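The listed protein sequences correspond, in order, to chains A and B. Its first residue numbered 1, the first sequence is counted upward by one per residue in this note's numbering. Its first residue numbered 1, the second sequence is counted upward by one per residue in this note's numbering.
Incorrect hints may appear among the rest.
Chain B residues, not near chain A, derived (Cβ > 12 Å throughout) [unchecked claim]:
(1) E111
(2) E136
(3) H206
(4) A209
(5) E229
(6) Q233
Computed Cβ-Cβ distance ranges for the label pairs, DEER-style [as the list claims (entries may be wrong)]:
(7) B:K129 to A:L23: 35 to 45 Å
(8) A:I369 to B:T22: 30 to 40 Å
(9) A:L7 to B:G176: 33 to 43 Å
(10) A:L7 to B:E82: 18 to 28 Å
(11) A:L7 to B:K129: 22 to 32 Å
(12) A:G343 to B:E82: 50 to 60 Å
(13) A:Q439 to B:E81: 52 to 62 Å
Please keep in mind that the hints were generated in silico from the structure rather than gathered at the bench. What you are looking at is a predicted structure, and each value in this text was computed from that prediction instead of being measured. The beta-carbon is built from N, C-alpha and C at its ideal position, and this holds for glycine as well.
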Amino acid sequence: MKAGDLLELAGRNLRESILRNSLTTAGISIGVASLLTTVALGIGLQELANRHIGQSGLFDTVYVTSMQDGRGGPDDDAEQPKPKQGAAPAKVLDENARQLVSQVPGVSSVDPEVRFMGDVRTGTVTANAPVGGEVTSSTPATSTPEAAPSVTPNAASAPAPDASHATFVAALPMSSRRDEAFENMKGHYFSRATAAEAIVSNRFAKEVDEKTPGSIVGKTITVQFASREPLPGSTSGGFSVVRKNETVTVVGLIESEPFGGMRRISGAGIFVPTAITEGWNVLQTSDFRGVATDADAQKTYPALLVQVATAGKVPEVQEAIKKLGFRTFSILDATKGLRRFFGILDIFLGIFGSLALIVASLAIINTLIMSVLERTREIGIMKAIGASDGDVKTLFFTEAGAMGLVGGFFGVLLGLGIGALINFGTNLYLTQHHESPDQVWSSPWWLVLFVMAFSIGLSFIAGLYPAARAAKLDPVQALRYE
Amino acid sequence: MTDPALAICTDRASRHHQLGNTTIRALDEVSISIPRGEFASLLGPSGSGKSTLLNLLAGLDRPTSGAITVLDKDLAKMTSEELAVYRRLTVGMVFQSFNLISSMTVAENVELPLRFAETPRESRAARVKEALDRVELGHRAGHRPTELSGGEQQRCSIARALINHPTILLADEPTGNLDSRTGSEIMTVLDRLNREMGMTILMVTHERAIAERWSQRMIFMADGQFVSEARTQNEARTQNAARTEAQA
Numbered sequence: 001m002k003a004g005d006l007l008e009l010a011g012r013n014l015r016e017s018i019l020r021n022s023l024t025t026a027g028i029s030i031g032v033a034s035l036l037t038t039v040a041l042g043i044g045l046q047e048l049a050n051r052h053i054g055q056s057g058l059f060d061t062v063y064v065t066s067m068q069d070g071r072g073g074p075d076d077d078a079e080q081p082k083p084k085q086g087a088a089p090a091k092v093l094d095e096n097a098r099q100l101v102s103q104v105p106g107v108s109s110v111d112p113e114v115r116f117m118g119d120v121r122t123g124t125v126t127a128n129a130p131v132g133g134e135v136t137s138s139t140p141a142t143s144t145p146e147a148a149p150s151v152t153p154n155a156a157s158a159p160a161p162d163a164s165h166a167t168f169v170a171a172l173p174m175s176s177r178r179d180e181a182f183e184n185m186k187g188h189y190f191s192r193a194t195a196a197e198a199i200v201s202n203r204f205a206k207e208v209d210e211k212t213p214g215s216i217v218g219k220t221i222t223v224q225f226a227s228r229e230p231l232p233g234s235t236s237g238g239f240s241v242v243r244k245n246e247t248v249t250v251v252g253l254i255e256s257e258p259f260g261g262m263r264r265i266s267g268a269g270i271f272v273p274t275a276i277t278e279g280w281n282v283l284q285t286s287d288f289r290g291v292a293t294d295a296d297a298q299k300t301y302p303a304l305l306v307q308v309a310t311a312g313k314v315p316e317v318q319e320a321i322k323k324l325g326f327r328t329f330s331i332l333d334a335t336k337g338l339r340r341f342f343g344i345l346d347i348f349l350g351i352f353g354s355l356a357l358i359v360a361s362l363a364i365i366n367t368l369i370m371s372v373l374e375r376t377r378e379i380g381i382m383k384a385i386g387a388s389d390g391d392v393k394t395l396f397f398t399e400a401g402a403m404g405l406v407g408g409f410f411g412v413l414l415g416l417g418i419g420a421l422i423n424f425g426t427n428l429y430l431t432q433h434h435e436s437p438d439q440v441w442s443s444p445w446w447l448v449l450f451v452m453a454f455s456i457g458l459s460f461i462a463g464l465y466p467a468a469r470a471a472k473l474d475p476v477q478a479l480r481y482e
Numbered sequence: 001m002t003d004p005a006l007a008i009c010t011d012r013a014s015r016h017h018q019l020g021n022t023t024i025r026a027l028d029e030v031s032i033s034i035p036r037g038e039f040a041s042l043l044g045p046s047g048s049g050k051s052t053l054l055n056l057l058a059g060l061d062r063p064t065s066g067a068i069t070v071l072d073k074d075l076a077k078m079t080s081e082e083l084a085v086y087r088r089l090t091v092g093m094v095f096q097s098f099n100l101i102s103s104m105t106v107a108e109n110v111e112l113p114l115r116f117a118e119t120p121r122e123s124r125a126a127r128v129k130e131a132l133d134r135v136e137l138g139h140r141a142g143h144r145p146t147e148l149s150g151g152e153q154q155r156c157s158i159a160r161a162l163i164n165h166p167t168i169l170l171a172d173e174p175t176g177n178l179d180s181r182t183g184s185e186i187m188t189v190l191d192r193l194n195r196e197m198g199m200t201i202l203m204v205t206h207e208r209a210i211a212e213r214w215s216q217r218m219i220f221m222a223d224g225q226f227v228s229e230a231r232t233q234n235e236a237r238t239q240n241a242a243r244t245e246a247q248a
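So that you can see chain B by itself, here it is in the shape it has in the complex (with noise of 0.2 Å):
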């Protein structure tokens, strides 16, 4: 049992990969703990275990050591079929590509998660126009990807992470294919939906200056290891909005 006020909480996780006979060690007993509520950063050079670390939390990968919880689920544990449940669920995923299907409008983009959870298809279109309208799309539904811009498409992928109502979000460098101003207007709705829905949220960056603005914790990893972590000043926001969660 860990702490409850815990959203993710990892215990020497590793994740090795064996390449002829030599076994590379892309996440190496890293062990951290993020609290509910919290926007934390994940900074470090490429192969610093960023990327493994958080498909691990997102259940699309397993650990071949060690303990991650989140939520109070052991994910090294569950079967195929519940961490697929749990990606529709309990976490959303933004990515650096964005990862949209090109074959489908924005909308049938956003739609597709309901569609995985068995979602009664009258109260679909509600919850896909609250979700773009969330963040400032909803007059590019019936668009397809190739059609918006690099940011339409990011903020198109966020809405697609957060029609489920997950808890966590998880971010795979959102900002990385988009130029400075694109990549503020991106950040402003990931802080918006942690100040005001109390999402705790993990982003991977390479930009120390975005995660010093936007975050409020920043985890240093290299050669697969935790470094170090450090608070920025937006740390008192942790503070607030696990006191609103506590009051709900």
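Bound conformation, chain A alone (with noise of 0.2 Å):
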């Protein structure tokens, strides 16, 4: 029988138990509908995921630390060097590291991250110290030093002009300024990288100035913090640490966290440039564990940023990084583990999905033997008349085909309604939450195409029992059929 008679013959039967039909295709879409909902919303929370990590700008940025580093964490896996027993000590991440980093092919710049404590007041102090003294500095961005023999608390301190904000400061190299937190920020990003200029976060500007935030930008504020000094003439290794005032001026303000706060520069309060950072000789942890364990006690660095000239080197770069004796890490990493917990949940979502589905295919199967039992004869009329097994048995298959088509077609439409309305619903929350809206329900093209062939392949052998059924009547038998 030809395609299009045969088309026409099982719309004909499909019309004739048009309430028992609609009802089975309906249970069809609902299913339809279910499994789209549940696998597009984990691959909407999967995108989501992506989207917040991509925020962090680590797809072409390579982490490193020093094998000292040696905390746990989602960079301490087995692919990572581990420090030998008996080993020469693990190399430190100072400024020849940092030059070994930047001449490895595909690395287009190393900065260091910066972070510290700092305290803020808005306005000018005229004052740098080593703790328990001071030391003037009267230029923004310059800093004049006392040396002090060694680290001994002071009572005494200058007089605030203003109050004081404890807040911790981070670096920021000029490459920074694509990531998002930056694209709607009043204000400005730092005019250059050597600019004695800061951006601060919104929550920090409400902590100076509560009603009116935004007024910090443009006025001028001293970092007051702890600096490291070379201890003059001396050969054991060991620093000052002084207290130094460095004066910048707000130049931005940002509501949200760069990097979607997943760096360890996450929670400052104020950003200022990275090359100015390198100049106040800031005091870090890292100095500390440089002195126990490193006779020159040299300026190193916790961790230093390696941006690499596009994303799809950043394999080979942490390999030749690896190889130079560094921790790694990078966005590769973390979404290892996160493309696998979500490829098992969409795989769950699907299933749970499929369950109406399947139960919607039983009874596509309770339907079309029903009409196998109600037609029987007309079959048998068929067969009389010319109808071959092959014919009588496509005609069923058509005709379960057909419900899975429009059922799947309905309920594709269902689906994306339910999607839009998660959307709706989550974005509607948010915004009443004071966060920004986002989409976590989310389906792409190939989702839709495969709930509709799924749909109609489901119905197909949903099919296959009664087409067989009704294909197998003796003709003699079903034309006595009452």
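Join the two chains into one complex using the hints; note that each chain is given alone, in its own frame.
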């Protein structure tokens, strides 16, 4: 029988029991909608996670730490080189290491990650001093620390021109400008790498002036922090800790944390250019470790941020840096586990979503068996006037497939509607809680096609038994059937 | 190889059914021959095997043993698909209870065998019209079977049987559900098909009077076996029909 005739006869037969077939088709629609909704929710959540990870700017970045930094965490996996017992001491992240890493092919820039606790005042403070004393500084971004022979606490300190605010200060390279946290900021990003400028977080600005946090932009602030200074004439590798003041101008205010708050710099209230912090000699935790482990007590970095020319070169750059004896971490490492998790989640969501469709396919079997019983005589007539077993089988297959196709189509529409409702409801909730709207439900085109194909395929499978039963009917018996 | 002048030839054809330990011999070694262009009647009481033989000749059933040859084709050796093609193109069937599909119109019922034969859509309407006109039912083409009288339904059934231009028409008590006047109308149609088109017709009937009046030969059966046969006064027409075919 030709395809046109087959479709025409199948359509006619389906219309004959329109209520029963519509209910079965509605069941398929609900099954398809359920499958589409649950799997698309899994995909949406995965995309949401990827988006937030992507905001960390780590897709083309490798995070390098010293092997001395042997704490657990995402970078502490089996693939990382481990310090060997009795081997030479682990390499420290000093200026030499930075130079070595910057020579790795594919690396475009290497910046130290700087984060330290600072005491911030609005206005200018004219003092830099060792802890216990003071050193003056008259121009922004420059300092004249006074050497102190030792770390000696002293209760005396300069009177504050304004209330002080303790906060973390973090350094950002110029390349961080592309992060979306700076897209709609009040003010602008650092005008140049060595500019004595700062960007403050909205949280910090509110701490300074709760009513008009935006008014901080354009003002001058003084950051007071602990700086390391070499001990004059010392050969023991020690250094003194000096209190230092640096004055910068606030040029921008950001609402959200850079890089989705996923880096070590998260929680910082003030951001300054990386280049100027290098001249500040900020005391970092790695310096104390340097005193304990390194005879020279040279300046070290807690971590290096390696910018790779293209994201595709990240694995080979990571491998090369590992060979230099450092630990590395990139977004690829983070997303490996995440992809596995969402893969499993998608499978489970798909299984639960398919249950309704499997129930619907049982309804197809039931409907078609009923149809075979009701149309037994008709099948006998068709065979008597020349229909082959194959014609009868194909006719029932087509009816099953048509139910799957129509049910799949309306199921997809229903699923897309439910998905839109999920996104609308989620965004309503987020907006009410002063969060930026986001998309938690995402249905790619391939999923829609897959669900449609799955619906039709399952309907064909459901039609196997009834179609075979109809085809096997003895025409003589079928013609006698009342 | 059978006689080419024969349309139907059965050689010790049997159809047995197993019911538990009992073997029911619905048809038991029946051997009959029907020449091309003959209008023959099968007569006998209920359970004599008439309809069983007709179903075997229609290719709806297969013999348990023996041979059934129709137009030089051994039906027992045909595959299921070949039998479907045989039913589609070689034989037409008319039933006592008409067996029309109630959800389809008269024209759609008549067109149905053309769909299975994959006849091009553009030529179907003309062929349906021709078949309906032949049985004088053209004016009822758009009606449903339930809107027709018994005679009209049977004429529709005949039109459907004729649509693929079969060589043989098998009729299973075509007047069984009709009053005598309507039955006569149907028999007139069958007679015309036999006389004008030279169609071989084998009709099962209970009524000897109808068989004597319209057919040329009567074959009597009882208990699944061939009993006897008798020529009717219409025999001369057989020779005429054979002559017509030979000339063609």
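Hints, one by one, checked against the model:
1. E111: For E111 (chain B), whose nearest Cβ neighbour in chain A is about 9 Å away, the distance does not exceed 12 Å, so it is violated.
2. E136: About 21 Å separates E136 (chain B) from the closest Cβ of chain A, which puts it past 12 Å; holds.
3. H206: Its Cβ never comes within 12 Å of chain A, the nearest being 18 Å, so this holds.
4. A209: holds (27 Å)
5. E229: holds (25 Å)
6. Q233: Q233 (chain B) is indeed farther than 12 Å from all Cβ atoms of chain A, at 33 Å.
7. B:K129 to A:L23: 35 to 45 Å: holds (40 Å)
8. A:I369 to B:T22: 30 to 40 Å: Once the Cβ atoms are compared, 31 Å apart, the range 30 to 40 Å for T22 (chain B) and I369 (chain A) holds.
9. A:L7 to B:G176: 33 to 43 Å: Holds: the Cβ-Cβ distance is about 37 Å, inside 33 to 43 Å.
10. A:L7 to B:E82: 18 to 28 Å: holds (26 Å)
11. A:L7 to B:K129: 22 to 32 Å: Since the Cβ atoms of L7 (chain A) and K129 (chain B) sit about 24 Å apart, the hinted range of 22 to 32 Å holds.
12. A:G343 to B:E82: 50 to 60 Å: holds (53 Å)
13. A:Q439 to B:E81: 52 to 62 Å: Since Q439 (chain A) and E81 (chain B) have Cβ atoms about 55 Å apart, the given range 52 to 62 Å holds.
Hint compliance for this structure: hint 1 alone is broken.
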